[in-house]
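Assemble chain Y onto chain S, guided by the hints.
Residue-level listing of the chains:
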Amino acid sequence: MLSLRNLHARVGEREILKGLSLEIPAGEVHAIMGPNGAGKSTLSYVLTGRPGYEVTSGAAELEGVDLLTLAPDERAARGLFLSFQYPLEIPGVPALTFIRTSVNAQRKSRGEAEMSAPDFLKRARACAADLKMDFDMLKRPLNVGFSGGEKKRMEILQMALLSPRFMILDETDSGLDIDALRIVSEGVNALRSPDRSLLVITHYQRLLDYIRPDRVHVLAGGRIVASGGPELAHELERDGYDKFARAA
Amino acid sequence: MNLVEAIRLRDSSRLPSRRDEDWRWTDLRSLVRTVPEPSPSLDAVRLGPGPFAGICETVVTLANGVGPGAIEVSAGETRTLELRNVACGEGSHAAHLRITVAAGARLTLLESHEGDGGGLSLLSLEVDLASGASCERLVIADGGADAISLVDADVRLGAGAEWGQTLLTNGARRQRLETRVLNPGEGASVRLDGVYVLSGRSHADLTSSVKHSGPQGQTVQLTRGVVDDQARAVFQGRITVEVGADGTDARMAHNALILSDRAEVDARPELEIYADDVACAHGATVGALDAELLFYMRQRGLPEAEARSLLLASFLGEVIDRIQCAAAAGRMRAWLQGRIGGSVE
Numbered sequence: 008m009l010s011l012r013n014l015h016a017r018v019g020e021r022e023i024l025k026g027l028s029l030e031i032p033a034g035e036v037h038a039i040m041g042p043n044g045a046g047k048s049t050l051s052y053v054l055t056g057r058p059g060y061e062v063t064s065g066a067a068e069l070e071g072v073d074l075l076t077l078a079p080d081e082r083a084a085r086g087l088f089l090s091f092q093y094p095l096e097i098p099g100v101p102a103l104t105f106i107r108t109s110v111n112a113q114r115k116s117r118g119e120a121e122m123s124a125p126d127f128l129k130r131a132r133a134c135a136a137d138l139k140m141d142f143d144m145l146k147r148p149l150n151v152g153f154s155g156g157e158k159k160r161m162e163i164l165q166m167a168l169l170s171p172r173f174m175i176l177d178e179t180d181s182g183l184d185i186d187a188l189r190i191v192s193e194g195v196n197a198l199r200s201p202d203r204s205l206l207v208i209t210h211y212q213r214l215l216d217y218i219r220p221d222r223v224h225v226l227a228g229g230r231i232v233a234s235g236g237p238e239l240a241h242e243l244e245r246d247g248y249d250k251f252a253r254a255a
Numbered sequence: 017m018n019l020v021e022a023i024r025l026r027d028s029s030r031l032p033s034r035r036d037e038d039w040r041w042t043d044l045r046s047l048v049r050t051v052p053e054p055s056p057s058l059d060a061v062r063l064g065p066g067p068f069a070g071i072c073e074t075v076v077t078l079a080n081g082v083g084p085g086a087i088e089v090s091a092g093e094t095r096t097l098e099l100r101n102v103a104c105g106e107g108s109h110a111a112h113l114r115i116t117v118a119a120g121a122r123l124t125l126l127e128s129h130e131g132d133g134g135g136l137s138l139l140s141l142e143v144d145l146a147s148g149a150s151c152e153r154l155v156i157a158d159g160g161a162d163a164i165s166l167v168d169a170d171v172r173l174g175a176g177a178e179w180g181q182t183l184l185t186n187g188a189r190r191q192r193l194e195t196r197v198l199n200p201g202e203g204a205s206v207r208l209d210g211v212y213v214l215s216g217r218s219h220a221d222l223t224s225s226v227k228h229s230g231p232q233g234q235t236v237q238l239t240r241g242v243v244d245d246q247a248r249a250v251f252q253g254r255i256t257v258e259v260g261a262d263g264t265d266a267r268m269a270h271n272a273l274i275l276s277d278r279a280e281v282d283a284r285p286e287l288e289i290y291a292d293d294v295a296c297a298h299g300a301t302v303g304a305l306d307a308e309l310l311f312y313m314r315q316r317g318l319p320e321a322e323a324r325s326l327l328l329a330s331f332l333g334e335v336i337d338r339i340q341c342a343a344a345a346g347r348m349r350a351w352l353q354g355r356i357g358g359s360v361e
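Chains S and Y, in that order, give the protein sequences. 8 is the number of the first residue of the first sequence in the working numbering; add one for each residue after it. 17 is the number of the first residue of the second sequence in the working numbering; add one for each residue after it.
I should point out that these hints are in silico values taken from the structure, not numbers from a laboratory. One or more hints might be untrue.
Label-pair restraints from in silico Cβ distances [what the hints assert, rightly or not]:
| # | chain 1 | residue 1 | chain 2 | residue 2 | range |
| --- | --- | --- | --- | --- | --- |
| 1 | Y | P54 | S | P58 | 53 to 63 Å |
| 2 | S | P201 | Y | A161 | 52 to 62 Å |
| 3 | S | S170 | Y | S276 | 29 to 39 Å |
| 4 | Y | G299 | S | G34 | 49 to 59 Å |
| 5 | S | E20 | Y | Q246 | 28 to 38 Å |
| 6 | S | I185 | Y | E334 | 50 to 60 Å |
| 7 | S | N196 | Y | P65 | 35 to 45 Å |
| 8 | Y | G299 | S | R114 | 32 to 42 Å |
| 9 | Y | G299 | S | P201 | 31 to 41 Å |
| 10 | Y | E202 | S | D184 | 49 to 59 Å |
| 11 | S | P98 | Y | G354 | 17 to 27 Å |
Positions of the beta carbon are idealized from the N, C-alpha and C atoms, including for glycine.
Here chain S stands alone, though its shape is the one from the complex (with noise of 0.2 Å):
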């Protein structure tokens, strides 16, 4: 599904990711764990094509396909999703506007035909259910005014209406409470599929008690330096990243 081989990348004269590799096969969810300033959000944006972020060498291909020389949009509408640390406000654009014109836009972009406005307004409104959503915050400008906690929610009801093939979650557990994290994790599980993979980017292992990974790698000094089983995780809880950091 995704294969990265030896990515370099760097921010302006700064380079964040030296080597990285990393294979995540199809219907696998992957953990990324690592301290502050490891380069797990830059991975993130190096995969969705963030401008600013640019990579010097290496590859990055999902289901084949080169991601580096396509546009973000084009790389959305090839079923890549991330979920933002930081999700952003619109003011202005309604979050049922703003989703049904992306998930049209997509559709365009694939050669598929529009979604029409009863068939993706019943999918919203059976989504928000399920991620406990009161369906009338769909109506106001996306994110704007929203707490943290909702933010978070909105992007996995983002996430579920635009059903892509190859997700990343960057620190979504963070702001988020007990209830709505249960919440948030049951709707990132219901995505889970034989031909969908994720990549969860996490500082803390309880998120991965909820949303149990296949993998676990530990990314320090712009490269992955262990991997494991989900009980790496459970070793880092316990024993921190001082000796990975060492590693790097």
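Coordinates of chain Y only, in the frame set by chain S:
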């Protein structure tokens, strides 16, 4: 400086220049070395439909300055009127139109500025609203890109009268839309809104002044605009609250987005307050489209052009939301949509 005399006498030395403080950003004298010959007459019958066509039955046309000199709305009457100011060719002309709205009457004025060529035109409106009268003036200024176009409105309100105005423009070679309002208070209210969408080398100047001369008057003002390429926008807004105009409530906002390094916005918001018990505020912002927000929208699958259009539409659409006449608001939204792409919801 006298615009009417400059055109009638073809005397360019009477045109405003950068030395006239209120005209320093819209210098006409250095642009117009010789005032062109008077515009030839124009066959109004051959004009296509205007931007507000079909909303109302009555259409008043000023064709190269020729048309009726007065419009009267009598007491208690409610009227919607389409006013088309058409300037074509390379000549110059000045027109004057007096509009009176009697006590308790209501007028919706759907005004368009249309035409082509590089001529110089001036329309001076003189509007009187008697006590309790109301007028909503909705303007689409979409004349020729080469034209020099001046529209000037002097508005006097009676006690409790209501003036609502929304100007939409894509500028011209040089264009000034000026509004001066006398607000006597006693419940009189003024709304002075505007939207400019400028590209190429176009220039638009939205200048206004509101004078509050009595107590308990209200003025709200929201102007938003976008400039691209080498375009230039000028916003000058002045609200004066005179001695004794206590209880005045006046709010002015001007927000601009600059989309290119070579585009320019000059803004001068002014509040002059000589009364004590007033609520007045003004705010002005000039910035670029938020790059982080654009990336967020593109990550959701919107191509860059569509993401930009959606942001511009929401930014400018808030001004359209304040229009009372729904049919005209629809036309104005459609006009904006044609200039920024995407849909203005």
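Now the hints, each set against the structure:
1. For P54/Y and P58/S, the hinted distance range of 53 to 63 Å is satisfied, since their beta carbons lie about 54 Å from each other.
2. Checked against the given bound of 52 to 62 Å, the beta carbons of P201/S and A161/Y, roughly 58 Å apart, stay inside it.
3. Between S170/S and S276/Y the beta carbon distance is about 37 Å. The supplied range of 29 to 39 Å therefore holds.
4. For the hinted restraint 49 to 59 Å between G299/Y and G34/S, the CB-CB distance of approximately 53 Å keeps it satisfied.
5. Evaluation of the 28 to 38 Å hint for E20/S and Q246/Y yields a pass: the beta carbon distance comes to about 33 Å.
6. Under the hint 50 to 60 Å, the C-beta atoms of I185/S and E334/Y, about 39 Å apart, miss the expected range.
7. The hinted window of 35 to 45 Å between N196/S and P65/Y is violated, with their beta carbons roughly 58 Å apart.
8. Distance hint check for G299/Y and R114/S: the Cβ-Cβ separation is about 40 Å, which falls inside the suggested range of 32 to 42 Å.
9. The supplied range of 31 to 41 Å is broken by G299/Y and P201/S, whose beta-carbon atoms lie about 54 Å from each other.
10. Between E202/Y and D184/S the C-beta distance comes to about 54 Å, which sits within the given range of 49 to 59 Å.
11. Range check, P98/S to G354/Y: Cβ separation about 23 Å, and the 17 to 27 Å hint holds.
The structure is inconsistent with the numbered hints 6, 7 and 9, although it conforms to all the rest.
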